[in-house]
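Numbering-wise, our numbering puts 708 at position 99 of the sequence shown, and it's gapless, one number per residue.
Source of the hints: derived by calculation from the structure; they are not laboratory data.
Here the structure is a predicted model, which is why all the values come from computation and not from measurement.
In this text, a Cβ means the ideal position worked out from N, Cα and C, and glycines have one as well.
Below, a list of computed lysine to any residue pairs in the SDA-like style, where the Cα atoms sit at most 20 Å apart: (1) Lys672 x Tyr660; (2) Lys672 x Asp721; (3) Lys642 x His762; (4) Lys672 x Gly658; (5) Lys642 x Glu740; (6) Lys672 x Ser691; (7) Lys642 x Leu757; (8) Lys642 x Ile743; (9) Lys642 x Ile630; (10) Lys642 x Leu735; (11) Lys642 x Arg739; (12) Lys672 x Ser724; (13) Lys642 x His693; (14) Lys672 x Arg705; (15) Lys672 x Pro657.
Each pair of labels, with its calculated beta carbon distance range: (16) Ala749 x Gly706: 42 to 52 Å; (17) His650 x Thr704: 20 to 30 Å; (18) Thr646 x Ser688: 17 to 27 Å; (19) Gly706 x Ser638: 32 to 42 Å; (20) Phe746 x Arg725: 29 to 39 Å; (21) Arg689 x Gln763: 19 to 29 Å; (22) Arg695 x Ala745: 29 to 39 Å.
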Amino acid sequence: MKNEDDAPARRRSPNAAELAIWRDYVETSEQVKRTLTTAFHDTSGISPGDYAVMLALSEAAEKTLRSSDVADVVGWERSRLSHHLRRMEERGLITRGLVGGDARGAAVTLTDIGSRIFRSSSASHLRLVREIFIDAFTSAQLVEMRTLTETLHQHLDTVRGDTLR
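Using the sequences provided together with the hints, build the complete structure.
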């Protein structure tokens, strides 16, 4: 809770009420992720991470992106992405190769199998998002949630350059 009277440069520890809100947020967001991950895997056989990678590739020209661009789109560290891509490649969902003969960059391409699995999993993914998240709120609460997440996103953009103490 941002107090308008607080000076922007002043940093203080959260109080008990703020910590309770923080803890509720963390625990609830983790529960949403776990529930979505389990349900999504049960209905489609792929993970939300697989889906995120396939979504990024499905929207790219020729269903191909540099691995560094995939990492940026899905918000993962390059090492995590590399391990995940290896597992996806082993299952035939993607292929990896050089970018125009450049050994410094790897191109990641969604395979035909990956495209089919992505398309077939999209409907179940959207149903689960509705069931697990959207249906928990009224229309007004969803608008409020949008405002809150936009505010948090903007705040994170400004904090990234700032040194947290």
